[in-house]
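Residue numbers (the working numbering), protein chains in the order written: chain B, 1 to 544; chain D, 545 to 752.
The set of hints was computed from the structure by calculation and includes no laboratory data.
It is possible that some hints are incorrect.
[Said to hold, decoys possible] Heads up, incomplete: computed chain D residues facing chain B, CB under 8 angstroms, no partners named: (1) Trp-581; (2) Ser-622; (3) His-676; (4) Ala-741; (5) Ala-742.
Every residue gets a Cβ at the ideal spot worked out from N, C-alpha and C, and that includes glycine.
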Amino acid sequence: MVFVWLPLMVSAQSIVNTKHNLSVSGPGTVKAVSEAEICLFCHTPHNSRPVAPLWNRNDPGATYTLYTSSMLQALPGQPDGTSILCLSCHDGTVALGSVLSRPATIGMTTGTFMPAGVSNLTTNLRNDHPVSFTYDAALATADGQLKPPGGITPPVSLANGNDPHKNIYSDFLVATSQNSNLCNSCHQRTYWTSSTHSSSTRTWNGVAPDPWPYTDPAMTTVAQNACESCHNPHNSGGNLMLLKYQAEESNCNDCHNGNVASKNVTAQFAKTYRHNVTGYTNVHVANEPAAVTTMHVECVDCHNPHAALNQTAVAPNVNGFLTGVKGVNQSGAAVNPAVYSYEICYRCHAGSPGAPAAVTPRVIVQNNVRLEFAPGNPSYHSVAAAGVNTNVPSLIAPWTTSSRLYCTDCHASDGASSPAGPHGSIYPHILKRQYSTADNTTESAAAYALCYGCHNRTSILNNSSFGEHNLHIVGERTPCNTCHDPHGISSTQGNSTNNSNLINFWTTIVTNSSGGIRRFDDQGLYRGRCYLTCHGENHNPLSY
Amino acid sequence: MNKLNVFFTCAFLVAVVQFGSAQTIVGSAHDFSGQSWNTTTEICIVCHTPHNADISVADAPLWNHSLSAVATYTLYASGTMNSVPGQPDGSSKLCLSCHDGTVALENFGGVTSGTNFMSGDALIGTSLSNDHPISIDYDAALALADGGLHNPATTSSGLGGTIAEDMLISGKMQCSSCHDVHNSAVGTSSLLLKSNAASALCLTCHDK
Numbered sequence: 001m002v003f004v005w006l007p008l009m010v011s012a013q014s015i016v017n018t019k020h021n022l023s024v025s026g027p028g029t030v031k032a033v034s035e036a037e038i039c040l041f042c043h044t045p046h047n048s049r050p051v052a053p054l055w056n057r058n059d060p061g062a063t064y065t066l067y068t069s070s071m072l073q074a075l076p077g078q079p080d081g082t083s084i085l086c087l088s089c090h091d092g093t094v095a096l097g098s099v100l101s102r103p104a105t106i107g108m109t110t111g112t113f114m115p116a117g118v119s120n121l122t123t124n125l126r127n128d129h130p131v132s133f134t135y136d137a138a139l140a141t142a143d144g145q146l147k148p149p150g151g152i153t154p155p156v157s158l159a160n161g162n163d164p165h166k167n168i169y170s171d172f173l174v175a176t177s178q179n180s181n182l183c184n185s186c187h188q189r190t191y192w193t194s195s196t197h198s199s200s201t202r203t204w205n206g207v208a209p210d211p212w213p214y215t216d217p218a219m220t221t222v223a224q225n226a227c228e229s230c231h232n233p234h235n236s237g238g239n240l241m242l243l244k245y246q247a248e249e250s251n252c253n254d255c256h257n258g259n260v261a262s263k264n265v266t267a268q269f270a271k272t273y274r275h276n277v278t279g280y281t282n283v284h285v286a287n288e289p290a291a292v293t294t295m296h297v298e299c300v301d302c303h304n305p306h307a308a309l310n311q312t313a314v315a316p317n318v319n320g321f322l323t324g325v326k327g328v329n330q331s332g333a334a335v336n337p338a339v340y341s342y343e344i345c346y347r348c349h350a351g352s353p354g355a356p357a358a359v360t361p362r363v364i365v366q367n368n369v370r371l372e373f374a375p376g377n378p379s380y381h382s383v384a385a386a387g388v389n390t391n392v393p394s395l396i397a398p399w400t401t402s403s404r405l406y407c408t409d410c411h412a413s414d415g416a417s418s419p420a421g422p423h424g425s426i427y428p429h430i431l432k433r434q435y436s437t438a439d440n441t442t443e444s445a446a447a448y449a450l451c452y453g454c455h456n457r458t459s460i461l462n463n464s465s466f467g468e469h470n471l472h473i474v475g476e477r478t479p480c481n482t483c484h485d486p487h488g489i490s491s492t493q494g495n496s497t498n499n500s501n502l503i504n505f506w507t508t509i510v511t512n513s514s515g516g517i518r519r520f521d522d523q524g525l526y527r528g529r530c531y532l533t534c535h536g537e538n539h540n541p542l543s544y
Numbered sequence: 545m546n547k548l549n550v551f552f553t554c555a556f557l558v559a560v561v562q563f564g565s566a567q568t569i570v571g572s573a574h575d576f577s578g579q580s581w582n583t584t585t586e587i588c589i590v591c592h593t594p595h596n597a598d599i600s601v602a603d604a605p606l607w608n609h610s611l612s613a614v615a616t617y618t619l620y621a622s623g624t625m626n627s628v629p630g631q632p633d634g635s636s637k638l639c640l641s642c643h644d645g646t647v648a649l650e651n652f653g654g655v656t657s658g659t660n661f662m663s664g665d666a667l668i669g670t671s672l673s674n675d676h677p678i679s680i681d682y683d684a685a686l687a688l689a690d691g692g693l694h695n696p697a698t699t700s701s702g703l704g705g706t707i708a709e710d711m712l713i714s715g716k717m718q719c720s721s722c723h724d725v726h727n728s729a730v731g732t733s734s735l736l737l738k739s740n741a742a743s744a745l746c747l748t749c750h751d752k
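My request is simple: use the sequences and hints to build the entire structure.
Following this line, the structure appears as structure tokens:
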């Protein structure tokens, strides 16, 4: 007998050097103690069951918990066909070394069953991409974002006979998952190909948590990780939509916390005044109505991660970051996608349950922001249409009386370098700058920084429009908010005589005149009169 | 990751044990000289005769065992198979004259009244649906179409020649492609043509 050591040069594309070589010679951690044969862990030349593909393992006989989703059009059944063959190891219920052609179970180094971890799907397939469903043209039509299977070009390696035997790509994938090439073989998400998430070359700065814990480490950019930046096709933490994490915002935070994306949005949500995305979990439903009926807020209520673009716009049009999001238009009708930015705000702030009530008690009370901004109103800030008043001498260029505003011109994160949008602020009502409302506030550029951002402080204090501005604001230390209702006054409640110039008094500061009247009368350009009592001063009336 | 795998593969050594002596049928699973149903006590006679052999199977080697009357076996089928197995032919029919379980073991040399039939693991039965397909034309075209098979005309069998030369008969995969009915390769069970350690026999043809 002659013993010869020979280097066995195996092709890179062979089961021999993949983790599916469970024999003692296998390269993986899950392997046999001494069994030398490779094929027999799955196949036998005689007495196979099921007969094809000459299967050598027992059917798990398990009942699986299946994936479900409000968006799912497919009808996954209990795993069948080749999938149940995979599960005869990967559900963790069948001993890895239990094969039909061996009377005794083959000993494995890592224990009897598939070790817990990414390779053990368990019998809970709720968090795994659905399998064993009919994928036909009808499904593609019903779903709307799937390619008709007849139109799918098989991934290149399928054509070359790739299968669970060859680990050409990582994880025995049949095509590369880079840029989600594999996912995109079937899924054609609306907007996706033109979105920034599909093309961004941003990389991770290495600070935990790893936003891409399961993908090939060679894929280092957002574009390369693509779908898997948010979704995990197996053992997903979120179940819903196979998102990585159950808490919706967590799927965004691990890139938008300053570790991948250029701006830190996560930090904004730690501020006192915020859209409280961390306060709700699994309340948002992907196909919920445009007008929100159950109070919540998630990143995806305002952003469509499949569509978002790093692109600016001009008010009132939605910018790239808000592309592909549903909204409620000025008429109160659902629109998809929203065309104007405010339509997205109206999803919640136009009468939805739980929307914040107006904090200032006023003569006219209106909590529906859509009605406050309606173009037919006696006065309003120019969100939904150019403003009524064509004489606003305080406006700082480039603002004019025909300019349009975004809600986010006032409601946004504070700080010049903060990411745009109303994520979170140190100022109440998620205001971008300070807007002091306490009575007897000493006037300063800082106290009313929000208003002075557009309305020139000098012009205001020089009484360019209202002749007594200086007396009220500086002398009497009365905040803007005491007389002005910044959103607007609904035409269903106010009129152009009493409610021009956003006049809608704060009722606990401004009380009735000695004549029992609390009213402003517009008397033409820069002229008017007030019936009221304020800071002890009786106006019965006083004119200017 | 793939690059790493390639690296490890290059460093991967396997001990190949070579034996200098060949086995013979004597003492093998096909040595029936001691079987109670073989009253001749001979070895070869169960399958072969020097005279008056059955020539109904083409190229049958001086066949002496009664052939199976089964005309239609249930064949293996698979949605991923590119080959088209036909009804067993050639030498595989000779194997099935015992292993399909329809002909008594002692029905050779003109005997037709035997009562001992194949049983256990060696019994293939008349359903070949759960057995590796046989009587397949295995050529370069099939290998190309399948994508997971080596080209038999150019791939070494590990036995000295190519797959086609050492393992196929008239270009067909038959029982004898895997099994040497007379000599079990040393260190193997089931009368295998060559050792299946590390699934070497399977991987001779299957490019997996």
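Discussion item. A closest beta-carbon separation below 8 angstroms is what the hint needs, so does Ala-741 (chain D) meet it against chain B?
Written reply: 4 angstroms, holds
Worksheet item: Against chain B, with CB atoms and a cut of 8 angstroms, does the hint on His-676 (chain D) hold up?
Response: 4 angstroms, holds
Item to complete: May I ask you to test the interface hint for Trp-581 (chain D) with respect to chain B, counting a Cβ-Cβ separation under 8 angstroms as satisfied?
Response: Given a least distance of 23 angstroms, the restraint on Trp-581 (chain D) is violated.
Fill in: Hint check: 8 angstroms Cβ-Cβ cutoff, Ser-622 (chain D) to chain B
Hint holds; Ser-622 (chain D) Cβ to chain B Cβ min 4 angstroms, cut 8 angstroms.
Discussion item. Would the hint on Ala-742 (chain D) be counted as holding, given a Cβ-Cβ threshold of 8 angstroms to chain B?
Written reply: This hint holds: Ala-742 (chain D) lies near chain B, its Cβ roughly 6 angstroms from the closest one there, short of 8 angstroms.
This entry does not satisfy hint 1, going by the numbered hints stated previously; all others are met.
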